[in-house]
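2 protein chains.
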Amino acid sequence: MYLHWLKNFPVLPSDTPVDLSPSELARQELEMAFPEKDFALTLSPALGDTFVLDLLGATVAITGGETGLLYGAYTYLCHMMADEPLPNHLESSPRYPLRMIDCWDNMDGSVERGYAGRSLFFEGNLFSYDPARIRHLGRLLASVGLNVLCINNVNVHEPAQGLIAESLPALSALADLFRPFGVRLMISVDFSMPLRAGLDSADPLDPAVQAWWEAAAGRVYSEIPDLAGFLVKADSEGRLGPFTYGRSHAEGANLLARALAPYNGVLVWRCFVYNCRQDWRDSSVDRPMAAFETYQPLDGQFEKNVILQIKNGPFDFQVREPVSPLLLSLKHTSLALELQLAQEYTGQQIDLYTMVPMWQELFRDLPADRLSAIAAVSNLGRDENLFGHPLAAANLFSFGLLAWNPQVRPEMALESWIRLTYTFREVDRQILKNWMMSSRRIYEKYTAPLGLGWMITPHTHYGPNPSGYEYDLWGTYHRADRNAVGIDRTAAGTGYITQYPQELQVRYSDPSSCPDLLKLFFHRLPYDFRMEDGRTLIQRIYDDHFEGAEEAAELAKALKALPFPAPDDQEIALRADRQVSNAKEWRDVINTFFHRLSGIPDAKGRTIYP
Amino acid sequence: MYLHWLKNFPVLPSDTPVDLSPSELARQELEMAFPEKDFALTLSPALGDTFVLDLLGATVAITGGETGLLYGAYTYLCHMMADEPLPNHLESSPRYPLRMIDCWDNMDGSVERGYAGRSLFFEGNLFSYDPARIRHLGRLLASVGLNVLCINNVNVHEPAQGLIAESLPALSALADLFRPFGVRLMISVDFSMPLRAGLDSADPLDPAVQAWWEAAAGRVYSEIPDLAGFLVKADSEGRLGPFTYGRSHAEGANLLARALAPYNGVLVWRCFVYNCRQDWRDSSVDRPMAAFETYQPLDGQFEKNVILQIKNGPFDFQVREPVSPLLLSLKHTSLALELQLAQEYTGQQIDLYTMVPMWQELFRDLPADRLSAIAAVSNLGRDENLFGHPLAAANLFSFGLLAWNPQVRPEMALESWIRLTYTFREVDRQILKNWMMSSRRIYEKYTAPLGLGWMITPHTHYGPNPSGYEYDLWGTYHRADRNAVGIDRTAAGTGYITQYPQELQVRYSDPSSCPDLLKLFFHRLPYDFRMEDGRTLIQRIYDDHFEGAEEAAELAKALKALPFPAPDDQEIALRADRQVSNAKEWRDVINTFFHRLSGIPDAKGRTIYP
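Chains as they are written, first to last, in numbering that gives the first Met the number 0: chain Y, 0 to 609; chain G, 0 to 609.
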C-alpha cells in the first residue's frame, strides 16, 4: 500500500480501536515511531487544535488540546522523517478552525470531476470501502492538520439524499473510523429534501419545512454528535433553492443553520450561483458578476453559524482568475475560501500542475483574516495511489499546510513533501521542486492565453477547443474576431471591475497597467496591442504557446530522468508523455485559431498550421 | 396502436400463423379488406417479387411469385385506401432484388443514432419485443416492397456477436415472425468472431479461420434457412478487419462470402473506410478520397455473392454531398447504395427533413443500373409511433418506393403517403406535401453552408458548432480563416475531383460553374467570391441563414395549422417549436462565426450578433 508522505512512518496497526481519542493516537504514533524516546504529553482541552512543542534534551514535550496533541505529534514526526530541523520551542495554532476537503463522490461510485478512479467511499449506491484505507486517509489528513471531510457530491443525486435519513447508520460507522484522527464528517444536503420526505414545499419560511429540518438535524446528530455540519449547493446549475419560493439565499441558509445551531453544526452555503442558461448573444450579462450581485446585498443577514463558501475566482477554477470580488466585500458574514485540488481545468492529474504557488498569489490580494474557513475540492480516488498522478499528492499536502497557515512558503511546503515522499539526493530534490514550482506557469502558457480561460473541450475539460463554449449557455465567452479578443470588464464595459475595492480597480482598469497575465480577463484588446515588454498581444500568444509546449517537453524529460521508485516511475512517465502530446495539441490549436482570425504571422517564423 | 400508412387497413389478426406464406397472407389481406370482392390469385413461383395486376370487372386478378402476390396485393390495397386510380393492367418488378433496412440496434436496447426511442428488438442484452409490433413492422415493410431487415448494429458490441452463435434460436424465432411478410433477416457480424470463439487469428487466409466461418454459416443456416446474409463493417472506426492481417478487403469479404455461398447468402461489405485518427494539421490527407483509394483497385476481385455497400456521398450522410465517386467507378463488383433514414445529421427526427427529393437528385448522377441492391439505415424505434416524428414515417415509405423503382417521383410518393396516413382535404394535403418537399432545402439553408458540412455539435450531431470538429481526428475540416473557407478538392488541390468520370470533373472543377450548393465542398473560396447570381459568398451565407430560419418559422406555423389527429398534432407541434429554436441558433451561430472571421457586414443590415 502507498503510504505517500507517511512512507517512513510505521504501518498503522489494523486494530486501531475506533474509540481511540486523538490524544491517545498522538501517543501511539510517537511511541510506535520512536520507541526509545521519551514523550511528555500534556492534554489541555481548551487549547483545541493548538499545540506547544518543546525539545527538552532527550524528552519531547507537547502540550495541546485533544487534536492539538495529535497535530503536535505529526509535526514532530514529519520533521523527523523529513530530516528537517525543529526549533526547540514551537507554538502553533491553525489560522482557520475549519480546514475542509469537499469530496464530489456520488453513491453510485462515480466521482464528479474525479481523476484518480472511483469513489473511496461508495459503490453501487451503497457504502463500500476498505477500513484500512479510510484510516490511512484519516492519518494523511490529520498529518497536515485537515479536520473536516465532506463526504459526498454537492450535486446530491439519489440515493445520497438518504445520507441524512436511512443511510445514517452506515455514515456513522464511517465517521467512527475518521474520529481518532480528529477528522469530522460533513454532509452535502439537498435543499429539496423536504419534498423527498413528502412535504409539499421546501420553502424556508414554511413552518412545516423548518420543523422538518429541525427533526432531521436532531436525527443526524443523535447518530453523529460531532458532525461538522451541512454543505449546500442551491439555485445553481439546475439544483433547487430558495429562489424557487421567492426567498433570498439568506433565508435559505438560515433555515438550515437554525436547525444545526443546537448541535454546534455549521451550515456551509456555496456561492456558486450564476445564470447557466445564458444566451451567448446577450452581452449585457457577464457571468463573473453574478455571485457578488446575489450575495453582497445579503451581507449581515446570515445566522452566526452560516459560512458562505466562495471559489477563489469569479468563474470556476480556471488556470488564472483574479480574486473573487465577493471574497473582498462581505464584511459581516463568515467566509470560506473554496479551492479545487481536483484538476478539472488544470490537467486532470495527467499534466503536472502544482497549486501552492497559485494559492500564494491569491493570498497577496486576499487578507487572510477575511476568512473563517478554507475548503478544497478533493483530488482523491480509489486508484492504488489515491491521486492518479503521484505528484498530485503534493497538492493535498500543501493545501493542509496552507489551511493551517496561509503564509506558508510554497518552496518549503514542496521541499517537505518531497523529503517525506521520496528518498532523493539534494540535487534531484531541487530539480523536482523547481519543476513543480514551474508547472502551473507551463500549463498556463500552452492553454487559453492571458486570463481568457475556457478554451477547453466541452464536458471533458481536457484538451483544447477554442470555441467549444463560445456559443453555449455557460457565460464563458472570448468573442474573438478578426481584430480583437476578450471582454471589456471595465466600468466602460460590463462594469465587473466596479465590484472590486478601489486599489484593485486601479490596478486592473487600464489595459496598459493591468498585468499581462490577466489582460484578457479584464479587457478586449486588438491583436497588435502592445504588452508590457513591447511585444504585440498576438506575438505574446504565439510565444507563450511555443514556449509552453517546449517546456512541457523539457519537464517530461526531467521527470523521466528522476529516480522515482516503482510504480511511481511508470505512472509519472506515462502521464508526462500524455502531457507532452496535450501541450503540442494546445499549442497548435490555439496558434492556428488566432492565426486564422488575425492573419498575422509569427515574427519568429515558427510553424503555425493553416 | 399506430397503423401509420396502413391506418385504413383492417387490424392484422393477432393469431396470424408464423407459417403463413406470403401468397397466403396476400389472400388474407385482400379478403379481410374487401370481403365482398372477388380476387383471383395465381401463384407462379418463378416470378419472385414480380406481379401482374389486372382489374377485370368485379374481379381483381393478380399473378406473381410468392412475394410478388403479396406486393401485388399491397399495391392494390394501398391504391384503394389512398383513393388513387390503378390502371386496368399493371406489371411491376422491383429494380433491385435486395431492398434493405439496416438497424443500428444494440442488444443492450440502445440504438446508435436512433431518434425514435430504444430498440424494437432488444433490451438488457436479450431479445425483447412485442410480437404484434414485429408483425406490424413486417407488414409496413412489405407494403412498400422492402424485403431485408438487418437486425443489429454494424458496430457489433457484445453480446450481439452471439447472434450467430448462442443467440441463434432466439433470432430464429424473430425471423419466423417476419417470414410471412417476405422480410428476410440479415445479421451484422464482427470480423473478429473467430477470436471470440478461441482461435488465435481472424486472418482470412488462415484455413482454420475459413473452416470456422464455414461451420458458423452452416449453423446459422440450419436455424434460419432463408437468412439474407451477413453485413460487415471492418477496418472502420476502430473495428478489426483484414488490414490487421495485411490482407485486402477483397480477401476479407471473400472469406465470408465463400462460407455463405452454399446457402445462397450474400455478404454485404460496407465501404465506410477512412482514417479516423487523422491529424488535422496534415492537409495532404483528404477523407472523401479514402473509400475510392481502398476499393477501386480491388474491382473484380470479389466473389459473386459479395455486395459492396457504399454511402451516397463520400463523407457521411451530410445534408448535401456529391455522389460518391466509388459508386460510379466500380465496374465488376456488385454494389449496394446506402442511405440513412435515421436523421443523424439532418435534424434527428425533430426538424422536418423529407428525403425523397434528395434521393431523386442522387439518381440524376447515379445510373440506376450500377446498383444491385439498396439499403437504408433505419429510423425506427420503440416510440409509440415508431419514428419519433410522425412525418418521418414518410421517409421509410418513400424509401420502399425508391428501392422498388428509383425513378419514383417524390411528389407522388409523398402524395400517396399523405393520402394513406391522414384524412386531409386536398388543400391541406398540398400544403403538407409542399412543406415536406421544401424541408430539406430549409434545413440546408440554416445549417452548414453550401456543401461544407460538419459544423455540427460533436458527438450529439444536433445543433451548430462551427469548429466542433475542426481540430479533431475525423478529417472533416472547413479551414475557415479571415479570408476564405473550404478545401480545394480540384486537381490543383487534394485531387479528390479526379476520382470522378470526366463529365463530373468538368462540372465541378471550375468554381464559377460548380453549382453554388456544392461550391464549398469542392473549392476554397474567398468571402467576396461571386456566386451564380452575383451575390458574394459571404452574402449568400448570410442570406441563406436568415431565409432558412424564417422559413423554418413559417413551416412550423403551417404544420401547427394543419388538422393532424391526436397524438400526431402534439408530437408535430412540439418538434416544430424545437426546430424553430434550432434554426435560430444555427442562423446566429453560423452568421456570427463568419462575420467574426470576415468582418463583412450583412448588406441588408439584419442583426448579426458580435
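One thing to keep in mind: the hints can contain errors.
Stated by the list, open to error - Sample of chain G residues lacking proximity to chain Y, with all beta carbon distances greater than 10 Å (derived):
1) Arg478
2) Asp480
3) Arg481
What the hints assert, rightly or not - Stretches of chain G that chain Y covers, calculated by requiring three or more beta carbons in the stretch to come under 8 Å of a beta carbon on chain Y:
4) 466-475
5) 594-606
To be verified - Have a look at the derived ranges for each label pair, beta carbon to beta carbon:
6) G:Val505 to Y:Thr459: 28 to 36 Å
7) G:Glu410 to Y:Asn124: 49 to 57 Å
8) Y:Glu165 to G:Asn433: 41 to 49 Å
9) G:Glu553 to Y:Thr459: 52 to 60 Å
10) Y:Ser283 to G:Ser512: 29 to 37 Å
11) G:Glu165 to Y:Thr422: 54 to 62 Å
12) Y:Ala552 to G:Phe242: 52 to 60 Å
Hints are computed from structural coordinates only; laboratory data are not their basis.
By construction, the Cβ of each residue, glycine as well, lies at the ideal position given by its N, Cα and C atoms.
Quick rundown of the hints versus the structure:
1. Consistency note on Arg478 (chain G): stated as away from chain Y, yet its beta-carbon is not over 10 Å from all of that chain's, at 7 Å minimum.
2. Once the 10 Å rule is applied to beta carbons, Asp480 (chain G) is inconsistent with being away from chain Y; the minimum gap is 4 Å.
3. Not every C-beta of chain Y lies more than 10 Å from that of Arg481 (chain G), the closest at about 4 Å, which undercuts listing it as non-interface.
4. Requiring three or more residues with a Cβ within less than 8 Å of a Cβ of chain Y, the coverage given for the segment 466-475 of chain G holds, as 3 such residues are present.
5. Only residues whose beta carbon comes within less than 8 Å of a beta carbon in chain Y count, and the segment 594-606 of chain G has 5; three or more means the coverage holds.
6. Taking the beta carbon of each, Val505 (chain G) and Thr459 (chain Y) are about 46 Å apart, not inside 28 to 36 Å as hinted.
7. Checked against the hint of 49 to 57 Å, the C-beta distance between Glu410 (chain G) and Asn124 (chain Y) comes to roughly 56 Å, which is consistent with it.
8. With their beta carbons about 60 Å apart, Glu165 (chain Y) and Asn433 (chain G) fall outside the hinted range of 41 to 49 Å.
9. For Glu553 (chain G) and Thr459 (chain Y), the hinted distance range of 52 to 60 Å is not satisfied, since their beta carbons lie about 39 Å from each other.
10. Checked against the given bound of 29 to 37 Å, the beta carbons of Ser283 (chain Y) and Ser512 (chain G), roughly 47 Å apart, lie outside it.
11. For Glu165 (chain G) paired with Thr422 (chain Y), a C-beta distance near 55 Å keeps the hint of 54 to 62 Å intact.
12. For the pair Ala552 (chain Y) and Phe242 (chain G), the supplied restraint of 52 to 60 Å is violated, since their beta-carbon distance comes to about 32 Å.
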